[in-house]
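Peer 1: Construct all of the structure, not just a fragment, from the sequences and the given hints.
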Amino acid sequence: MNELEGQDQLTLARELVEALATGERGQADRIVNALAHRLESSICSQVATMTEGLRKALADLEGDVGVAGMTLHEIPDVRDRLHYIIAKTERAAHRTISSVEALLPMVERISGSAEKLIEDWSRIEWEGLDSTNLSALRDRVIEVVGQLRGDPRALHDRLCEILVAQDYQDLIGQVIQRVVQLLQEVEAKLATMASLSGGIARQARPREDEAEPERSDEQPQARPRVLTSQGEVDELLAALGAP
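Numbering (the numbering used here), first residue to last: 139 to 381.
The set of hints was computed from the structure by calculation and includes no laboratory data. These figures come from a predicted structure and were not determined experimentally. No residue lacks a Cβ here, since even glycine has one placed at the ideal position from N, Cα and C. Check the hints yourself; a few may be wrong.
[As the list claims (entries may be wrong)] Pairs of lysine to any residue, SDA-like flavour, derived with a Cα cap of 20 Å: (1) K226 - V313; (2) K226 - Q315; (3) K254 - V282; (4) K254 - E265; (5) K226 - E299; (6) K254 - Q285; (7) K254 - M244; (8) K226 - L309; (9) K254 - V279; (10) K226 - V318; (11) K226 - S236; (12) K226 - I310; (13) K254 - V283; (14) K254 - L242; (15) K254 - S269; (16) K254 - E281; (17) K226 - V238; (18) K226 - V302; (19) K254 - R278; (20) K254 - L286; (21) K226 - I300; (22) K226 - Y306; (23) K226 - D308; (24) K254 - G284; (25) K254 - G266.
[Said to hold, decoys possible] Simulated restraints, written as ranges between beta carbons of each label pair: (26) A225 - E281: 42 to 50 Å; (27) T227 - S273: 48 to 56 Å; (28) A240 - Q315: 27 to 35 Å; (29) I181 - R152: 22 to 30 Å; (30) E253 - H294: 19 to 27 Å; (31) D305 - G284: 28 to 36 Å.
Peer 2: This is the structure we're talking about:
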């Protein structure tokens, strides 16, 4: 509200006070209607201004190259990267589990052969070394040596397979870092939009000291009181801000 509008409304307020003081109900009603019309026009003007501001803010966001590029490229790219992470993780998990499952029988065979070799040697110590025990011990040693020549090689290959399967972690770490960066960019754009819309909402929200108090529906509206003394007129003018 500019200074001229304020003076004009103050003049109408004084005329309203005079009409109420003299009991001119019709004139008072016309002045009240005029004030209400001006208030309505002011509200419409403010709403139009805020609407235009919101429209411009949305247009600016739509025209932002970063937002457009993010919508067309970055967001689908994030989806593809997440699918890539899932696929690589599943593949590495399957390779690791398969290698471990293949290693378990090898370890059990080596352990079983070692236990049998210890049993044969204990029997020789107890019964003494004869041709039968010597032949059994020889066969057992040959069996164990054969396993030690074959299984450790397979064990080495499987362990290398597990190690290679873990290389996905470096790649996945880089992909996750890029996804986080993209999400931060999206968050920044959304924060900008929220800030713009929040500022417009704050403009639309009336100040507490300017808000009109709500009237209770349970109480009947009081009719305008006719002012009967100069003191009451002065009090009303003072309440309206008149000097």
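Peer 1: Just pull the numbers of the violated hints for me, sorted ascending.
Peer 2: No numbers; nothing is violated.
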